[in-house]
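Need the complex rebuilt from these two chains, each delivered in its own frame; the hints are there to steer you.
Respectively, the protein sequence lines represent chains F and E.
Following this note's numbering from start to finish, the first sequence increments by one per residue and tops out at 162.
Following this note's numbering from start to finish, the second sequence increments by one per residue and tops out at 288.
Bear in mind the hints are in silico, worked out from the structure with no lab data behind them.
Misleading hints may appear alongside valid ones.
Some chain E residues flagged as far from chain F (calculated, every beta-carbon gap over 10 Å) [claimed, not checked]: (1) R49; (2) S80; (3) N154.
A few chain F residues that face chain E, going by a derived Cβ cut-off under 8 Å, partial list only [unchecked claim]: (4) A22; (5) E44; (6) A59; (7) T69; (8) V71; (9) C102.
Yeah, the Cβ is synthetic: ideal placement off N, Cα and C, and Gly gets one too.
Single-letter residue listing:
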Amino acid sequence: MSNEIYRLTVNGIEHEVKDAWAGESLLYVLRERLGLPGTKGACEQGECGSCTVVMDGEAVCSCLVMAATAVDADITTVEGLSLDGEPTDVQQSFVEAGGVQCGFCTPGLIVAVHHLLDRNPSPDELAIKEAISGNICRCTGYGRIFAAVERARDQRRAMQAK
Amino acid sequence: MTVVNATSLQQALEALHDHPGARLVQGGTDLMVEVNFNRTTLHDVVALRRVNELKRWHIAEDSQTIRLGAGIPYAEMERSPLCHHLPALAQAARTVGSPQIRAAGSLGGNLGTCSPAGDGLPVLSALDATVHLQSLDASRDLSIHEFMLGVKKNARQPNEVIVAVTLPVLNGFQGYAKVGTRNAMVISAASVCVVHDALGGTIRVALGAVAPTVVRTREAEAWLASQTNLAAPLTVTPELAREFGRRAAAECSPIDDHRSTASYRRHAIAVLVERLLLRANDHGKSPR
Numbered sequence: 001m002s003n004e005i006y007r008l009t010v011n012g013i014e015h016e017v018k019d020a021w022a023g024e025s026l027l028y029v030l031r032e033r034l035g036l037p038g039t040k041g042a043c044e045q046g047e048c049g050s051c052t053v054v055m056d057g058e059a060v061c062s063c064l065v066m067a068a069t070a071v072d073a074d075i076t077t078v079e080g081l082s083l084d085g086e087p088t089d090v091q092q093s094f095v096e097a098g099g100v101q102c103g104f105c106t107p108g109l110i111v112a113v114h115h116l117l118d119r120n121p122s123p124d125e126l127a128i129k130e131a132i133s134g135n136i137c138r139c140t141g142y143g144r145i146f147a148a149v150e151r152a153r154d155q156r157r158a159m160q161a162k
Numbered sequence: 001m002t003v004v005n006a007t008s009l010q011q012a013l014e015a016l017h018d019h020p021g022a023r024l025v026q027g028g029t030d031l032m033v034e035v036n037f038n039r040t041t042l043h044d045v046v047a048l049r050r051v052n053e054l055k056r057w058h059i060a061e062d063s064q065t066i067r068l069g070a071g072i073p074y075a076e077m078e079r080s081p082l083c084h085h086l087p088a089l090a091q092a093a094r095t096v097g098s099p100q101i102r103a104a105g106s107l108g109g110n111l112g113t114c115s116p117a118g119d120g121l122p123v124l125s126a127l128d129a130t131v132h133l134q135s136l137d138a139s140r141d142l143s144i145h146e147f148m149l150g151v152k153k154n155a156r157q158p159n160e161v162i163v164a165v166t167l168p169v170l171n172g173f174q175g176y177a178k179v180g181t182r183n184a185m186v187i188s189a190a191s192v193c194v195v196h197d198a199l200g201g202t203i204r205v206a207l208g209a210v211a212p213t214v215v216r217t218r219e220a221e222a223w224l225a226s227q228t229n230l231a232a233p234l235t236v237t238p239e240l241a242r243e244f245g246r247r248a249a250a251e252c253s254p255i256d257d258h259r260s261t262a263s264y265r266r267h268a269i270a271v272l273v274e275r276l277l278l279r280a281n282d283h284g285k286s287p288r
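Just chain E, with the same shape it has in the complex (with noise of 0.2 Å):
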């Protein structure tokens, strides 16, 4: 068993180009759980944590698009002045383990790890994220939806590294809300972000730990916008809202297991879905 410990990005690329099929490790949160339960074989190892340019994040010159690279610890995000740029994903990052968690876990893992209960897919999936991916021969960007493709299974091919995502910067509502068996440090049984882009005119909903990989429920999306003028400001009623959230659940296909029922899953999608909707439309507007 190798471990090379990167202090480049082209090392760790090097690295994996050297010693195929390594296992690439950020903050560890997920790997060295699978390792301290006998549940992974470790052959290879290339550790991501030194590499100083996956913790970087820029807003692009137009001001229309934020990237972050995929070393960024949640941590980051919850504080200003990301949680600014991005409200969901603070929101998000909020919810995940405990502080100890946070200082450690990243986006990059969250999405090589690929669960569908991860906390930040479904905030990657309402903002239609772009995923960056480096070899050390080539770059690929792929769509957030091309990325994520099943229970633990994504599109990255071993000699790649996750780089960095690249998210819009909206002019909206963004949040998340999930539930769990407690309210702390609990995975998801069921997670939502409602997205509001109040230029655009679109509501994008994304539904997290509901199906093999993260979903978009563009079937209620549509529907909405056939309902209601969806440029700010809203004007959603609280019937529209709990219709929306009906039709936002129909569209997940979840399971039972050892974190919740699919009945009470498909529940709470509607419930969460409804109620990030009418924090969405009160968003910006004075209180009664």
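Here chain F stands alone, though its shape is the one from the complex (with noise of 0.2 Å):
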């Protein structure tokens, strides 16, 4: 594949990657070619987990897939989380207990956070602080995130019981 189109799936849409160079990482090409800012890079050596999407079923760090290597695999990023333009419960979560400073680990935090909760909607406070261990908050909020997630699980386990 040298220049060739490839053709990647996320949020369930099928896009075509034209013109791009075949070693570029997914982060990249999700920012830069397809128009999905939401996934943020830093680091981008797979230290602080700004750029975590879900590729078919594991939060991964998109800066370390080769965008072309991803061709057949099923990506959920950010923007394809809520189904209808609304905040989605963990996000709703992250706004009400101040899980947000600046904002730049939030996406990834989201993702990793409806990850963590997709699997286990019980988690104790060591297996979010595990969840979570690969998302760095530059800020050093982690008290009110801890406290986002905590709130999200409660509010799920609260819409189960009923």
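Here it is in structure tokens:
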């Protein structure tokens, strides 16, 4: 594949990637070629989790995925979490708990937290810390981020109990 | 530049044959850092992500060995059931990067990159792993000690894929420990794997990030065997463990670099070896 067209399935929509260098990261392709800038790029070496997306059911750093190798994958970005354009429960919890400071880590965290709660509806404190241990908040606002995750978890539990 | 997304091992081997010198990529967690920072020139790439043969594992019929596909992600090694068969590997996997990295990274990548700080490699060394390599027309097995040649150098030929490793299923303590500049998301400044083969009566120790490649401390191992009976249960005194750590640390050749200093690394090795040997000693014994 040299400057060939390839296709990526992002948030359920198939996109054509044209005239791209085949070594580009998924992060770069999402932001610069597919017009999906919700995924943030920061360290570009897998240290910070800002670029977290879900690929075939796993949360991964999109900066470390060669986009041209993800042609068959099912990719979900932060833009694909809300089905109706309204904030998701996790996004709303981050707002209400004050889990957003500068906001740079927020999209990656939102993706990681959705991934956690979709697999484990009742994570304890340790499971929450573990699940978002790859997402660095440069403002160091972890207390309110943990509170936001717990809030989203408790709301989902309450919904299920009804 | 050509990218081949292989969907079978055969297809990957054919692609390597057709594109000599192509870079193999499994999870991408090493290669893409190099690419993102323009530290490497990419020509052709053969991606192994979709090769399911590389993601399987099985225990031999005689229950003596376990064969792990080279593409199994660290996240799977951390979890049951693999963590019960290979506890030190599970502990090492648990220290690799973040959950995002562990969902992608693999032993095949660890072996392919062959960094002295690769977290899986001391475990493979302490367990005397066999590395299985395959090309389009041949396959060969190498001892892990023959496979690792130096800093980011290994015995893989350009037309070969690292397909699997075979490890013994042992009865006895297996532990892994590392130090770095912080607790999480850190590349090892020094790492240690200690394996107790209770039936064979050996303690095996491998050290990471303290030499051009992983070091097996064979002199210290032989010395320990001469001092005490290593067939289970262990009766290692604290003094013996301390001296063992000191002797193991004497067998590495650490350097000063941006991650640590040679003297700290040597000190850390002595402490970690001592600590893991004491854990091995307490393993399976009821708390006093």
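Handout entry: Hint check against the structure, violated hint numbers in rising order
Key = 1, 9
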